Amino acid sequence: MATDIGRELDGNGLRAGFDLGDPRRLLRGIAGIVGFLALWYLVSLTQPAYVLPSPAAVAGTFLEELASGTMTAALWSSVRHWLPGTIVGTGLGVAAGVAFAWSGLLDDVTAPLVRVLRPVPPLALIGFAIAWFGINDAGAAFIIAVGAFWINFYAAYGAVEGVSKDLLDVGRTLGVRSDLDMVRSIVLPASLPGIMTGIRTGLGRCWMLVVASEIFGVPGVGREILRASNNLLVDKVIAYILVLSLMYLLVDVAFRAAQRRVLIWQA
Amino acid sequence: MAGVNGDPADVNEDPATETGGGSSETGVVVDGVGKTYDGEGDPVRALEEVSFGVEDGEFLCLVGPSGCGKTTLFRIIAGLADATDGEVRLGGSPVTGPTTDMGVVFQEYHLFPWLTVEENVGFGLDRSDRSAGERAARVDEMLELVGLSEFRESYPKSLSGGMKQRVAIARALAVDPTLLLMDEPFGAVDAQTREMLQRELLDVWASTGKTVLFVTHDVAEAVTLADRIVVMAAEPGRVREVVDVDVDRPRERGDPAFGEHVARVRELIGARA
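Protein chains in written order, with the UniProt record's numbering: chain H, 1 to 267; chain U, 1 to 273.
Just chain H, with the same shape it has in the complex (with noise of 0.2 Å):
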C-alpha cells in the first residue's frame, strides 16, 4: 500500500494504474486477470473452501449476496461513511495544508503539534470516535476523514511550498498585491496538480479505511468482512474485498477523467 501511494504520489498520477483508452494495454490487462484467476481456480482445487474457494464459489456468493439485498445494504452503508469522511477530510486536509505552506506564521504555531498528531494512525482513535461521535456513521466517517484529511494536507502542503518564487514575483509585477489574490491567482492553480494527486490517493486509501472504520461494529462492507473473517467464511470475504475493489476503480477512474479536464493545460 505504501509504495501505491509512493508511485501515485510520484507525479506520475494521470499516467499510472488502468487505462481503458488503449486497446492493446487493455488486452493485455485482460489476459493478466484471466491468467489471475486460471492460477487461483488451480490452486482452489488443492485447498480445502475455507482456505482458498475456487472463483467460481466467491462469484457464486457474490452473486447471492446482491440477490439477498445484504450487499447493496452493507454498501450503501459503507457509501454513508466514506462519502461524508472523505469529503471532509479531503476539503479541511487541503485547506489547512494550503493555508500552513502559505502562511509561515500559522506554520510556526501548528508544526510542533502536526509532528506529534501525524503518526497517530487513525485507527488508534477508535476511542474518540466513539467517545464524540458514538458506535454510529458519524463515528466510522470520523475514521476515515482522519486518513483523508493527512494524505491531502501533505499533498497540498508539498504543493503549495513547490510553487515557484519566480510565479509569485512575475504576480506582483503584475500588479498582484493582496495574499488573497496571490493564493486564488497563483498559488492554487499552480499548485492544483499536487493537490489532485493527493485527493486521488486519499480517495483510494479512503475505501480501504471504510473497514477499519467499521471494527467497531458499524454496519457496512467492512463489517461484513470482519464478520466473514471470523467465521472463516473466505468466499464472502473474497466477494466483500472486491465489492471494495469496484468501488474504488468507478471512484478512480470517475475522478481522472475530471482531473484530466480540470488540468487541460498539462496535457
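It should be emphasised that the hints constitute simulated quantities derived from the structure, not laboratory data. Any given hint might turn out to be false.
Per label pair, the in silico range of CB-to-CB distance [stated by the list, open to error]: (1) H/254 <-> U/147: 39 to 49 Å; (2) U/133 <-> H/95: 35 to 45 Å; (3) U/81 <-> H/181: 18 to 28 Å; (4) H/208 <-> U/218: 53 to 63 Å; (5) U/160 <-> H/264: 11 to 21 Å; (6) H/208 <-> U/39: 41 to 51 Å; (7) U/241 <-> H/113: 49 to 59 Å.
List time: in silico SDA-like cross-link candidates among lysine to any residue, alpha-carbon distance up to 25 Å [stated by the list, open to error]: (8) H/165 <-> H/105; (9) U/157 <-> H/22; (10) H/165 <-> U/36.
Which residues of chain U face chain H? A partial, calculated answer using Cβ under 8 Å [unchecked claim]: (11) 78; (12) 80; (13) 98; (14) 100; (15) 102; (16) 104; (17) 106; (18) 113; (19) 123; (20) 124; (21) 127; (22) 128; (23) 155; (24) 157.
All values derive from a computational prediction rather than experimental measurement. Even glycine gets a Cβ: it sits at the ideal position worked out from N, Cα and C.
The hints should help you fit chain U onto chain H, whose structure is shown.
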C-alpha cells in the same frame, strides 16, 4: 500604439511627477545603490555605489562578468529586492516595491502554465481598472505586436522557447509600463531564435517608444541592441564604465564599428580593477 497613451495606467505618471521632490526627473535613475548580504560568516558586499540613469525611450544594456551582481541589481530595480544603500527612482519617485510601471521579463519566461496565451497576456490587465472591452482590445493588440494572434488559445506547454518569450514580452507590455525591464531574456533560446527575437524586440521598442533596461552577459547582444551599455565589474559589483554605442541601426555584426565596440566592452569586462 499611439492610442494607448490615453489608457488609465498612465494616470500613475501624474503622482510620480508630483512627488518627485520638485524636480522634473524622468526615466530611471539608479542612485548610489549598494547591497550587502548578511549571510553566515562575513557579510558579502554584492553591490557598491552603483549609479547610472536610463533616459526616457532609451535602450540601455547592462553587461558584466558573472558575480557582478547583475541579477541582484535587476531585482532591486524591479522592486523585488531592497537595496541596503541608495535608491532607484522611476520618473522621479523612489521604487519601494513592484509596480506596474515596469514590465518585467525573466530569462525563464515564467508564464502561468494553467493560463492560455491570451489569459497570460491579460493577467496584468485583469488587475487594472480597464473595462472588458479595453482589456480585449489591448490583448489583441499585444498578440498582434508579437505575432502570436493565432496561438491565443494555446497553453504555454505547447509553445517553443521563442514563442514563450514573446508571450512574456506581450504580458509585460500589456499594462503599458513606462519601463521594460529584461533579465537575460534570450539566454534560454538557441542562437537563431535569439537573433530573431533581438530584431523583434528592436521593432517593438521602435513602435512603442518604451524605455528598455536589458541585462545580458552576451556582449554582442548588448552591442546589437543598446544605445548605451553599462559595463559592470565584480567583487563588489559596481559600474566600471558606460559605453555609448555609436553604430547606426540596423547593426551588422560584420561592420568594423560593431566589432570595435564588442572588443572595447570585452576588454572592460576582462580588465582587473
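Cβ separation of residue 208 of chain H and residue 39 of chain U, checked against the hinted range 41 to 51 Å: holds (47 Å)
Given residue 102 of chain U as an interface hint, is the shortest Cβ-Cβ distance to chain H below 8 Å? OK, holds: residue 102 of chain U within 8 Å of chain H, min 7 Å.
Can the restraint linking residue 165 of chain H and residue 36 of chain U be considered satisfied, given a maximum Cα separation of 25 Å? Within the cut-off at roughly 21 Å; holds.
Interface restraint verdict for residue 98 of chain U against chain H (beta-carbon cut-off 8 Å): It holds, given that the least Cβ distance between residue 98 of chain U and chain H is near 4 Å, below 8 Å.
Interface hint compliance - residue 128 of chain U to chain H, C-beta minimum distance less than 8 Å: Interface hint status for residue 128 of chain U: holds (7 Å vs cutoff 8 Å).
Given a hinted range of 49 to 59 Å, is it respected by the beta-carbon distance of residue 241 of chain U and residue 113 of chain H? holds (58 Å)
Under 8 Å is the threshold here; is the Cβ of residue 124 of chain U close enough to any Cβ of chain H for the hint to stand? Result: holds, 4 Å to nearest chain H Cβ.
Hint status (Cβ of residue 80 of chain U to nearest Cβ of chain H, threshold 8 Å): Since the shortest Cβ distance to chain H is 5 Å, the answer is holds.
Hint validation: residue 104 of chain U versus chain H, beta carbon distance must be below 8 Å. Holds or violated? holds (4 Å)
Restraint: residue 123 of chain U near chain H, CB-CB cut 8 Å. Satisfied or not? holds (5 Å)
So, residue 155 of chain U near chain H? Judge it on the closest CB pair being under 8 Å. holds (4 Å)
Taking the CB of residue 160 of chain U and the CB of residue 264 of chain H, does the distance hold inside 11 to 21 Å? Given about 20 Å between the Cβ atoms, the range holds.
The structure agrees with every numbered hint stated previously.
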